[in-house]
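Peer 1: If you want the building blocks of each chain, they are given just below.
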Amino acid sequence: MSESKTVTSQNLLEIRNLSIGIREGDKIYRAVDDIGYEVAEGEILGVVGESGCGKTVTNLAIMGLLPDVLFVSGGQILFEGKDLAKMSERERAAMNGRDISMIYQEPLTSLNPLVKIGRQVGEPLRIHHKEIPEEEITKRVAESLREVGLPDPEVTMEKYPHQLSGGQRQRVMIAMATICRPKLMIADEPTTALDVTVQAQVLRLLKHISRKHKMSIIFISHDLAVINQICDRVIIMYAGKIAESAPAHVIMRHPAHEYTKGLLRSIPRADSKGESLPAIPGHVPSTEEYRDPCPFAPRCPIAQDICRQQAPDAVQIAKDHVAYCHFLRAE
Amino acid sequence: MRYLIRKAVILILTMFLISLMTFLAFHIIPGDPAQLILGTSASAEKLELLRHQLGTDLPLWQQYTSWIFGFFRGDFGTSIRYSMPVKTLLGDRIVVTALLGLMVIVLTLVVSIPLGVYAASRRNTAAEQVVNFLTMIGISIPGFFLSIIFMWVFGLVLHLFTPGSYVSYQQDFGAFLRFMIFPALAIAVPEIAILTKYIRTAMLDEMDKDYVRTARGKGASHRTILYGHILRNAIVAVIPLIGMMIGSIFSGSIIVEQVFGVPGIGRLLISSVTGRDFPLTQTLVMYIALIIVITNFIVDILIQVIDPRIRLSN
Amino acid sequence: MKSGKIEFRIGCTLAGIVILLAVLSLFWTPYGINEMDPASRMAAPSLQHIFGTDNMGRDVFSRAIVGARFTLAVAVSTVLFCTLISIVLGLLAGYAGGWVDEVIMRIIDAINSFPGILIALIMVTVLPPGNYTIVIALCIMFIPSFTRIVRTGTLQYKNADFVRNNRVFGDSDLRLLLVHIFPNIIPLLLSSVIVGLSNAILAESSMSYLGLGIQPPAPSWGRMLYEAQSIIFNAPWCALAPGLMIVVTIVAFNCVGEGLRKRYLA
Amino acid sequence: MSEMNSEKGEILEVSHVNNYYEDTGLGIFAKRQKRQVLSDVSFTIHTDEFFGLVGESGCGKSTLGNAILGQLPFEGTIRVGGMEYSKSDRRKFTEKVQAVFQDPMSALNPRMTIGSTMREPLRAHNIGTREEQIRAVNDMLEKVGLDASYADRYPRELSGGQRQRVCIGAALMLQPELIIADEAVSALDVSVGAQILNLFHEIDAGADFAMLFISHNLNVVYYLCDRIAVMYRGTIVEIGSAEDVYHHPVHPYTKLLLAAIPDFTSRIEDDGTGTLADIAKANAQFEVRNEDPEGACCFYHRCPYANSECLKRPSLTAVPTTDSEEHRAACRLAAEQPSAQVDEKGSVAEAFQSTC
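Chains as they are written, first to last, in the working numbering: chain P, 1 to 331; chain Y, 1001 to 1314; chain L, 2001 to 2266; chain E, 3001 to 3356.
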């Protein structure tokens, strides 16, 4: 689909024609259908989409954490040139936590309820850097907890997950995910379960750590406003395909794809009080339902027959702005 | 602390209910025990004498209170069939059943935990199916049938032990153990099956939890995740069930002691039941029920201490 | 769930065979259950005597299938009787909560602290041995576990969103209980009842073995095993036949119960 | 419409409602604490008005919603259309107030068809014969944007948005005067949520009913509601017209909420050179001081403007505003200065940073 670009600066992560299948009963469906995108060094990439669009599945594939019903059915996941999809379980495990790490939406269930915070945060170090002595690990854990803004880390280390608030637990997750200074962190809706005031703090923290350690982040969310706060570039996904990809300020101000426009218009804002929102009709097709070549066709205001016959190609609208629609012209 | 007091009050209340039920069962329902023992043809004076001896001529609540206080003082009344104080009858029989119970518990834990963990770690493979099939069979074999099979195969065919040749633990502890391993196994097989199934299910539940995905995300090896994270949580989930095992072990021992001729309180209970020996049966029933209630109480406290979520709920 | 289906099918076929044999024994048995043929005492299994004969020359197969009838009858009546009581107790304790729940659960805990066989032994001491006594005894033995299952189900659904929704619609508590909560508990209850059936068979045969369950001359698996114990060496089939029948029946119902549970809860 | 309510009469009266949560704790070491959830909550909703109740999780807004529906005990009085909830006459009360809850996935009985679930309210109040009920259900299905064919389907065959439409339809079957919507769009995708918000507009035009719209999202509440109350730790800290509360907030917590909501105008900028101190300073506005004196203003432990005067819990005092609707805030700042104009986000954030 997207032809491999001329060799630019070595991208940290490159996804090429990735497809992920899902086994339901004896039938196999496509959860992710032939997508491609890149993440540069130190860049924060936003991945936006509604439920069932494949945003989480793609990133679980990068981490090699796909549950049994899901499998990579095609394409490559190149991390620093090495294809993760072809790696063995052991090689992947060696990279997880050291080069790539992940934080999740529900901080409470993501921590082991019976193990103290200090021990869990230090675990990546014990796994990947066996040479570091125990006191040094404790020191690094304390430093890491302080960096994520937790007051008196020595006390927090002795506590159990259920004794911390949602915001504190998410900070512990960030500390755990950054203690080995990985090059890429995947954040799967990290602030969705948090209060808006706590969310603001965690977003600020993530941006700070990313810039300070030149750590790229793939930030997954369904909330465009949150994405706008923190991301450099954004990818809009719909029903397993990429609809549009562009820098954040471009997506927010002059989106090209009809779906992105619909999403932006669906969000109630200060100036839309009173009038009815121009919402997108219909609902997202689930993996079992039939999906047209352009999956947005049934809900798209400008859809024609061609959309139901042939998948749209990538249209290069601007230097860093690509959209997949038959009715867009390259600049 | 308030929770502990509440739990203790419930314990005492339950023990009171048990004593009430036992008393009711043996005093109200059967009508006149003297009549039942001496049969309908007995003369009025003999009945009167026996009633007096049994104390059944006193008003009910008095009988109950004297029985309860007697029970705590260790005076369990005299057995009709053996015409000697119940206390001496119990004596070493309790130790026999206790040792048997201990052997069963040890056997069950030693076999079930590794088996359950193995089955869970080999998820969706032939090995797991085999373990499932074995546990299914294990649960379905009645204790007495298993005992008869053991007696036949190990005793008569393989001559590993001679059925009916019980050796008291005072005389030769080694021979005692060699003999007792078979009744212990007969009781343990269904317990092993049940506990293995519970451990496997608990492990599988934990495997789908988010913190396991986090651990894999940290690059932890399959082994560290299985034993470091999953097993620890699974054990905490399984402990309450171990409390329930005590009850079914007692049931098992009642039958197996009878088949193997092991002089424990189980066998004594059956002979007292068939012989309609009320004071003896009543005491045994009360004794066993209390032990079970107390062990459940201890297991309940044990869980509080182990699970930090409960111990440190702020 | 594929594995759920296999267990369910195996369970149904085995259970079907046993039930068929039990029903058959109502009309026809190869030999009279007490018909002694002194000539062929302790004969090995052969064409005339599928399961061989015991030390009194009686046909083991005939006695086994009649025994199946009695054992199943006791087990089924126990489970039915006990399920009815447990549904009432469980729904009440789960929904009413407060002291009602406390009282019921204390009684349940007390009964539960008697090991199963013990309750049966007490009942048999107190009431004359016979089929009714054993049914009552087994019923009391199983009330605690059944009531707990119904109570947990009720608690789980009592605060479910859709029950709260219907309460806001104005439904009475009774209607909430019977129309909304109970239908959702049935699948779980059904699989536990069937597993309960196999436990009842296990318990009944143990009691009959001790001579406290189904009284002779009616044959029962437990009693047959007791009688076969003494001649186990030279006529093992007398013990193996009823024993294996018990195991097969219990495995059958356990498989059916497990299959149902997996299908509904998967 | 019952004539008792004048044109601008109250449909819902909540006066001095308090509610305590008995935290028995699980462990043997846990002490039995009594935690206050709602503290002295009073407000009224006019007939045919959309009233927004906004606050973060745990502030007691859902507790209040359930208290109004009579689902949990409370001190103080709550009257809906002049009638207090009493267990004995639950049916009469439920004719006046109905509810739509957050999670459409668990709001419908999985073993019941959509049609019979929607007939449930009519059955409970035995209104009409079976045919009339079925027809009423089909009409309602059209009204909420579905069609009669959905009546004999089961909940598992519907998407989240469709199920929420069914819940709204069921809530409207009895033509109640008040609907409590507790986070009705929070569990839905953005595009589906917008459809539901539009649905609320359409049905408001048709039938006239009041709605108490509970949500954690101030933008959604501002979009949909005429009046808004902001809640923090069980207390109403600010109440007024949507315009006043959203554009002229007075209470520091409301300002903090507005500053924290991510929007499309501002972005978090950070070049990574900042030290830990800078980060702490930037987050200062959200920091929690540990002194939380008894009886003081509920926001005392986080408020940059707090002083000795705030040790006595302030009551809702009127704010001199241009708008006719009454605008009150539980803060000493309310009376002193006209509602500070919030020109752009920066100014509020600076206000917080400068004081710590």
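There could be a bad hint or two in this list.
Computed beta-carbon distance windows for the label pairs [said to hold, decoys possible]: (1) E/HIS3016 / L/GLN2156: 32 to 42 Å; (2) E/GLU3084 / L/GLY2097: 37 to 47 Å; (3) E/ARG3035 / P/TYR290: 31 to 41 Å; (4) E/LYS3092 / L/GLY2097: 56 to 66 Å; (5) P/LYS139 / L/GLN2156: 24 to 34 Å; (6) Y/LYS1007 / L/VAL2023: 42 to 52 Å.
These aren't lab readings, by the way, just hints derived from the structure by calculation. Remember, it's a predicted structure, so these values are computed and weren't measured experimentally. All C-beta atoms in this analysis are idealised placements derived from N, C-alpha and C, irrespective of residue type, glycine included.
Peer 1: Could you tell me whether the CB distance from E/HIS3016 to L/GLN2156 stays inside 32 to 42 Å?
Peer 2: holds (36 Å)
Peer 1: Falls inside 31 to 41 Å, the C-beta gap from E/ARG3035 to P/TYR290?
Peer 2: violated (52 Å)
Peer 1: Given a hinted range of 56 to 66 Å, is it respected by the beta-carbon distance of E/LYS3092 and L/GLY2097?
Peer 2: Hint violated: Cβ distance 25 Å, outside 56 to 66 Å.
Peer 1: Could you see if the CB distance from E/GLU3084 to L/GLY2097 stays within 37 to 47 Å?
Peer 2: violated (24 Å)
Peer 1: Is the gap between the beta carbons of P/LYS139 and L/GLN2156 within 24 to 34 Å?
Peer 2: violated (47 Å)
Peer 1: Given the hint of 42 to 52 Å, check if Y/LYS1007 and L/VAL2023 actually sit that far apart at their C-beta atoms.
Peer 2: For L/VAL2023 against Y/LYS1007, whose Cβ atoms are near 50 Å apart, the range 42 to 52 Å holds.
Of the numbered hints stated above, those contradicted by the structure are hints 2, 3, 4, 5, listed in ascending order.
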